[in-house]
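Number of protein chains: 2
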Amino acid sequence: MSQPDPRPHVVILGGGFGGLAAARQLDDPSLRVTLVDRRNHHLFQPLLYQVATAGLSAPSIAAPLRQILRKQSNATVLLDEAVDVDLAAKQVMLAQGPLAYDYLVVATGATHAYFGHDDWARHAPGLKTLDDAFTIRRRVLLAFEHAEREDDPARRQAWLNFVVVGGGATGVELAGTLAEIARHTLPREFRRSDPRRANILLVEAGPRVLPAFAEDLSAKAAKQLEKLGVQVRTGTAVTAIGADSVRLGEETLASRTVLWAAGVAASPLGKRLGAPVDRAGRVQVLPDLSLPDHPEVFVVGDLASAFRPGGQPVPGVAPAAKQMGRHVGEVILARLRGDGASKPFRYRDDGALATIGRMAAVAQFGRLKFSGLPAWWVWLVAHVYFLIGFRNRLVVLLDWAWSYWTYQRHARIVTGSDRTDES
Amino acid sequence: MSQPDPRPHVVILGGGFGGLAAARQLDDPSLRVTLVDRRNHHLFQPLLYQVATAGLSAPSIAAPLRQILRKQSNATVLLDEAVDVDLAAKQVMLAQGPLAYDYLVVATGATHAYFGHDDWARHAPGLKTLDDAFTIRRRVLLAFEHAEREDDPARRQAWLNFVVVGGGATGVELAGTLAEIARHTLPREFRRSDPRRANILLVEAGPRVLPAFAEDLSAKAAKQLEKLGVQVRTGTAVTAIGADSVRLGEETLASRTVLWAAGVAASPLGKRLGAPVDRAGRVQVLPDLSLPDHPEVFVVGDLASAFRPGGQPVPGVAPAAKQMGRHVGEVILARLRGDGASKPFRYRDDGALATIGRMAAVAQFGRLKFSGLPAWWVWLVAHVYFLIGFRNRLVVLLDWAWSYWTYQRHARIVTGSDRTDES
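Line by line, the protein sequences are chains A and B. So for the first sequence, this note's numbering puts the first residue at 1317; every next one is plus one. So for the second sequence, this note's numbering puts the first residue at 1317; every next one is plus one.
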């Protein structure tokens, strides 16, 4: 439909933090960029647990990719899904047809994985997309409704037993917020069952929660969780999950609501790139984040297995993905200018933050470690600051201020049905 | 599980404007109220079209029924669906079991109807629930995405032809907002197709749009719609709707997006009450809104067919439903106090307002009629004022101010899939 564009074509697969950072870095009229995503929006994933727990509405943490890139005239957005990559022909196979590239940036991320127990998925939803968040929100809110209708005390308690599997940041945030909802948001609203009787169990197979943090911060996080009313069980493996129970080692607990925050597996596209992948399916890239034998193909974000000079892996967090995306953008621009060798990627550790609940968080910036209220303030400022768009920042601040004063959560709306999840 | 409560029991079916108004009116410790709804939230339906057109997020116009009634200690909320009513035994058959009443208020409203063409439902979604709004939002946003991918000009135009069936308030609001999205929100974001080529067609079988308004206001509304870029076709009946075309009288128009704002049918529960119903399935009630032969059963809101002293029907609008709900609450309280005869319901016409688009609206208060910017301001103030909850009002105002200045619509997020609608 149009004359061929003679400019080099960079195709970016995935509009998450890595892909979007690469697209923005490549804002240069001497090349054209096509960003492909199967969803129409960029998602601010660090706050997704707030949508799942009814504290924020979905549009507060998501923005259309087209809107974000509308002023970047060399960029096009395609709503499509990459099925395969033909490295020899330099083209991506999209669901709707092939797309040729000169440079390719693969940033399709990771999703939750059930360690070979795919049948657990229907009972224990994970949290990666907005639809996942709606599913969790619906199940949590409906569990309290079922408890209200149930006359049998044991069956009622099964509706009030919530199990969060996985003690990383997402698991800690979900468990802490569930405890707050049960203890503070809902109690006055139910007449027959008491939401304060809810048990929130956080189960972690490893020896401590928040394993990415220093040991003393893990201990502080566990203490803050328990103060909020969460039972923390470390060193406990989940061995079975059914519709109304979960098996923890030798013990079986009656629970109708299990949330999955444990395993992560890289996008299946990683295995189609011909390069070695690690156990989680992440692509082992060269120091400049390109593929061995294919200097025109890069992998960034959670799909990339990259290492820091000391040999530690670059963590699968939003700041790392952004840094990788920007790095690859710079490498491509340098190549197009004819600058020879690629600079290696160097991860700059900006510190780590995890929130636990109301006024509870942990923070680690190099040797500086702190927790409780100061960490919570830093967490709040950082997350609002990095949210895309002035409007979203303002609305999120307003929502949080409102929740803080009233203990209410404004997005407690049940929509959709579980038929979708299970079909 | 508890000792029997000796107080008279009022069961209210439906947590819309009518049912909720009745529940609030019955805030009296001498009786107990059970409000049954199959959804967990009250919906501010007059702004539902804004969720469907990505201007507002769902939690801004919906609030949990439990939260609204949490301070009313004589009220209980049940998340359940009424299947039938046993008038002789004085009990409601809920999906989860029977519920006995002393007084019953049926407020289950209306839904969209396809005049015997139920196969049109999958191609032409209507707008009654939040899930309906998400379906419309998804289809509209994806239509522009399909147009961007389509090379064939005729097929592309089919994605850009939007047909809104029904020229009442909902149809007018949807058509006006679609035109604004196509002309102002999206143009800079697409590289291949031009959203300004979208045709928005508003089809009405009757002789004019907004038939509930005076004739000169209908004419003004049509003019304002055309100024916004909507083609208005009155006196045109839709005779067929398929996946990629719609038949208007003798003409077939290629269109992939048809929205249904035409027919309304009363809740099927109306036919289970043993009283005569009108053609739309509304229950013909006595002047005090009770059933003939059953003074303890009342029907309020869109399900009731009531008349004004002059013989005109009470319109199916939110203020009428609220007034009916309050009236029935008063009648029940009077009966419990032993006051003899029931007062007849008198509808107080507070005027009618319909918005058309940016700075365009029509208003009619008795003999006072106006349109354009003044009507739009009145519409805005009235709708923000009647929204439930301080927080929602503030957020909605903020969203509108932001949309107004930027022409952006913040909820342009595609979630879910059409598999649900069609299963």
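Keep in mind the hints are simulated off the structure, nothing from the lab. A few of these clues could be false.
Remember, identical chains collapse to one label, so a pair may be satisfied in a single copy or spanning two.
[Said to hold, decoys possible] When the alpha-carbon atoms are kept at most 20 angstroms apart in a straight line, the in silico SDA-like pairs for lysine to any residue are as follows:
{"#": "1", "residue 1": "K1387", "residue 2": "R1499"}
{"#": "2", "residue 1": "K1543", "residue 2": "P1660"}
{"#": "3", "residue 1": "K1387", "residue 2": "D1510"}
{"#": "4", "residue 1": "K1444", "residue 2": "T1731"}
To see whether the hints hold, each was checked on the structure:
Proximity of K1387 to R1499 under the C-alpha cut-off of 20 angstroms is restricted to the inter-copy arrangement: shortest distance 17 angstroms between copies versus 46 angstroms within a copy. Proximity of K1543 to P1660 under the C-alpha cut-off of 20 angstroms is found in neither arrangement, the shortest distances being 45 angstroms within a copy and 57 angstroms between copies. Taking the shortest alpha-carbon separations for K1387 and D1510, only the inter-copy value of 16 angstroms comes in at or below 20 angstroms, while the best intra-copy value is 52 angstroms. Taking the closest pair of Cα atoms, K1444 and T1731 come within 20 angstroms of each other both inside a single copy (18 angstroms) and across two copies (13 angstroms).
In summary, the one numbered hint that this structure violates is 2.
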